[in-house]
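Trainee: Sequence:
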Amino acid sequence: RIITPDQSVPIDGGLVVLLVSAYGLGKTSLAYSSHERTLLLDCDEGSSRAVNRRDTVLVSRWSDVDQRPDPYAPYGAVAIDTAEGWLSAIARDLTAANRDFGTGEQLTLKGWAALRARATGYLTRIRKTYRQAHLVYAGEQNVIYDNFYARCKPLIAAQHEHITFLGLIRDPQQLANFYAMCDLVAV
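Okay, so the sequence shown: first residue is -2 according to the numbering used here, each after it adds one.
These are computed hints drawn from the structure, not numbers from a lab. Every value quoted in this text rests on a predicted model; they were computed, and no experiment measured them. Be careful, since some hints might not be right.
Just the calculated beta-carbon pair ranges, DEER-fashion [claimed, not checked]: (1) 164 <-> 103: 30 to 36 Å; (2) 171 <-> 33: 16 to 22 Å; (3) 103 <-> 34: 22 to 28 Å; (4) 162 <-> 102: 22 to 28 Å.
Even glycine gets a Cβ: it sits at the ideal position worked out from N, Cα and C.
Produce the entire structure from the sequences given, and follow the hints as far as they go.
Mentor: Structure below.
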């Protein structure tokens, strides 16, 4: 069977991707192109700038998304935009519910532990929908202008058996092929 460039390559169980780059380089637009039925969870209010926009949930509180029974059922792909916005939304929910966790997005040690548990729990839930889901980190790990990766090391350590680091994909065709395989993308 020949798979044409406009078709998705099927992957049993799903593939989860984390793409990291500077702002304004097209990560959201690329996420929308990952599947013809993509749902974008917009955690940083950046979807309005994207091209080829599809179904979008503007996430002001992560608990609105996290408590839905199965938000992915009708979609071929789900994108979380951005991973940092996702973790910030979780942090805001945690600190609003319990002052011992910190204030706003500034977490205490207990808050970081709760963030790890909540984010890991969500990733576990994703793996229930996509049984063989695997996180693939496509991007630079040590970015000079952003300490997001360093701040997430405890979360990454907790998921290490489910994460593969690809590094930065520079070839446009390889990047397009890579996105076509994804069921969930966090940008």
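Trainee: Does each hint fit the structure? Answer for all of them.
Mentor: Verification of the hints:
{"no.": "1", "hint": "164 <-> 103: 30 to 36 Å", "result": "32 Å, holds"}
{"no.": "2", "hint": "171 <-> 33: 16 to 22 Å", "result": "21 Å, holds"}
{"no.": "3", "hint": "103 <-> 34: 22 to 28 Å", "result": "37 Å, violated"}
{"no.": "4", "hint": "162 <-> 102: 22 to 28 Å", "result": "26 Å, holds"}
Violated hint for the displayed structure: number 3, the only one.
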